[in-house]
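Chains as they are written, first to last, in our numbering: chain A, 1 to 256; chain B, 1 to 202; chain C, 1 to 202.
Honestly, the hints are just simulated from the structure, not real lab data. Ideal Cβ positions, reconstructed from N, Cα and C, are used throughout, including at glycine. All clues given are correct.
Derived pair list, reagent style EDC-like, types lysine to aspartate or glutamate, alpha-carbon separation capped at 16 Å:
no.: 1; chain 1: B; residue 1: Lys170; chain 2: B; residue 2: Asp41
no.: 2; chain 1: B; residue 1: Lys170; chain 2: B; residue 2: Glu152
no.: 3; chain 1: A; residue 1: Lys165; chain 2: C; residue 2: Glu131
no.: 4; chain 1: B; residue 1: Lys2; chain 2: A; residue 2: Asp144
no.: 5; chain 1: B; residue 1: Lys3; chain 2: B; residue 2: Asp41
no.: 6; chain 1: A; residue 1: Lys165; chain 2: C; residue 2: Glu130
no.: 7; chain 1: B; residue 1: Lys191; chain 2: A; residue 2: Asp115
no.: 8; chain 1: A; residue 1: Lys36; chain 2: A; residue 2: Glu48
no.: 9; chain 1: A; residue 1: Lys148; chain 2: C; residue 2: Glu103
no.: 10; chain 1: C; residue 1: Lys54; chain 2: C; residue 2: Asp27
no.: 11; chain 1: B; residue 1: Lys3; chain 2: A; residue 2: Glu141
no.: 12; chain 1: B; residue 1: Lys72; chain 2: C; residue 2: Asp70
no.: 13; chain 1: C; residue 1: Lys171; chain 2: C; residue 2: Glu152
no.: 14; chain 1: B; residue 1: Lys16; chain 2: C; residue 2: Glu100
no.: 15; chain 1: A; residue 1: Lys197; chain 2: A; residue 2: Asp254
no.: 16; chain 1: A; residue 1: Lys148; chain 2: C; residue 2: Glu100
no.: 17; chain 1: C; residue 1: Lys72; chain 2: B; residue 2: Asp70
Okay, the calculated bits of chain B under chain C, using three or more residues with CB under 8 Å as the criterion:
no.: 18; stretch: 4-16
no.: 19; stretch: 35-48
no.: 20; stretch: 74-84
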Amino acid sequence: MNQIIHSVELNTTSNLIIDISGFEGPIDLLLNLARKQKVDLTEISVFELSKQYIHYINTQVELKIDVAADYLVMASWLTYLKSKLLLPADDPDIEEEITAEEMASQISHRMRRLDAMKNASNILFSRPLINRDTYLRGIPEEFDEVTKLIYNSSLYDLIKSYIEKQESSIPTPIRIFRLDFMSIDSARNLISKIYSKLSSWINFINILDSDIEVSNKKSKMASSFSAILNMVNEKEILTKQDTKFGDIYIKKIDKD
Amino acid sequence: MKKSFLNRLGIKPNIKLVNEKSLSEFDDKNIVEAIVFASRDPVHIDYLITKVSKSDKSYLNNILSLLKEDYKTRGVIFEYNENYCLFKTSPLLKAALSDEYQETRDLSRAAKETLAIIAYHQPTTRSEIEEIRGISSSKGSLDVLLDYHWIEIAGKKDIPGRPILYKTTKKFLLDFNLSDINDLPNLSELKREGLLNSLEGK
Amino acid sequence: MKKSFLNRLGIKPNIKLVNEKSLSEFDDKNIVEAIVFASRDPVHIDYLITKVSKSDKSYLNNILSLLKEDYKTRGVIFEYNENYCLFKTSPLLKAALSDEYQETRDLSRAAKETLAIIAYHQPTTRSEIEEIRGISSSKGSLDVLLDYHWIEIAGKKDIPGRPILYKTTKKFLLDFNLSDINDLPNLSELKREGLLNSLEGK
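Take these sequences, add in the hints, and give me the full structure.
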């Protein structure tokens, strides 16, 4: 018996080992014992296995109490199972919760299930694993991104908005027109520009034609006349009118 | 996050992707190669279809198989499944690369078994894992696996006590080279043998 | 690993020494390729020398030039200088790799009105549009429409100030399904069709 146990490969590297013997729980222990008994878990002798398990637990005097519970629960369960398997079939009058055969098949199922998961785990971890056996691109690159706007108005939308505009009685916008008149200041500027030409008498009417920006003749005449009167007052210009309502002539005053 | 990045992962941002189509199969192969090579994450097939000249799955599949062939004996290999494709270093060069890049530490046997149990039984709870392993402490293993982003919390089970449910992640599929969870080794065989059912109720 | 490669490639190991050399070069090339692919930074030449079978600069340079040649016409290129080497996607594919997105928007009311006015009154000036719209700012709308190539400049009006004339483009006809600008229905035609009823009574 002890030989069997010592031949089991012990795993001491992992930090999650529960027992000093290297088993990860009672089913793991059962599996290890079973492997010594038979290859096919479906044909395992649960009776023989229970015997071995109970014997093994009994030899583990140093079993730590905090980890022992799982093993001891299993041991007592297997002891119960063993005694049931030993006894002849129960009195059919007594209603049993569970038969010995059911218990045996249950423990065999649990062993097979854990065994399947252990195998699956081995298969998974034997696959080429990213960052262990194989590596991904170290320097990923980004690409440009362009967003294009699409306007989805229909012809109907377009026409509708146009017609709404045409039909609705929107007041015409207020437009501020440029006022067509000549200020006294601008009239005076005008006369100053032609001042040098005023060395002889010139008809006042003629100077009005020199400005084309303002078409309002009355405004031009009134403002220019006022400007001239100012200039007469300032002794810059002489004026003369030969007859009543006749032409007005102007001439600059020679200052030397 | 950039829109193109989401698209490459197969996540559609709510703005339409209207890529200009390229010219020929030769160009298409180069384009697919460049996109997948440039990405660290697996690139989704749906995104690649928007980049090639024909929006046709079998046309793209042909390009993917050509690329796989091109890289068959190289230091970098091209892999694809129904959803994703990626480049990775050849597992044959494991020894030459491992000393510099290895990130995956060796896990304990308990953690490895716990991962397998979650993968095959997901979503599952800690007590179900413990029941299968026949041992009443699996907490350390769950922490390690969560740290690795191989498992994640998948809500709570609708039973008294509402225990946390665990399932495997996309990273698990990527790292173990599985196209999806139905791709797990021996899955149907184990199901058939009734080994993936919990004992509860028996 | 070399043996298995040999077998898989169907090469008989018992050939000349030259082939023996090219085989190791082949492996070294794969190793360099994989390292440069997986590295998070450009890889220094000095490091690669420690990874190949011969610690010899010219030997490595030969491998680097072979790799450059291998990737010459691919979607990804291999580049190296005296110090570093790296992989990057081919600059020739820059346009093909960029992602184009389409965002659909409704044209603003102002732009719609402006476009309609130009369509019905073309060629027309900004001040004429403003006069019809009764609003003195149409610049933004004109810019949007010009950007979108629905309108274009059609010379200058022969009046003082010589204002710019606008007209609709071919793209406008195309996008609005008109074969000719005369196909644009007029008001009475639309009313005859029973359209624009909501406007009645205005």
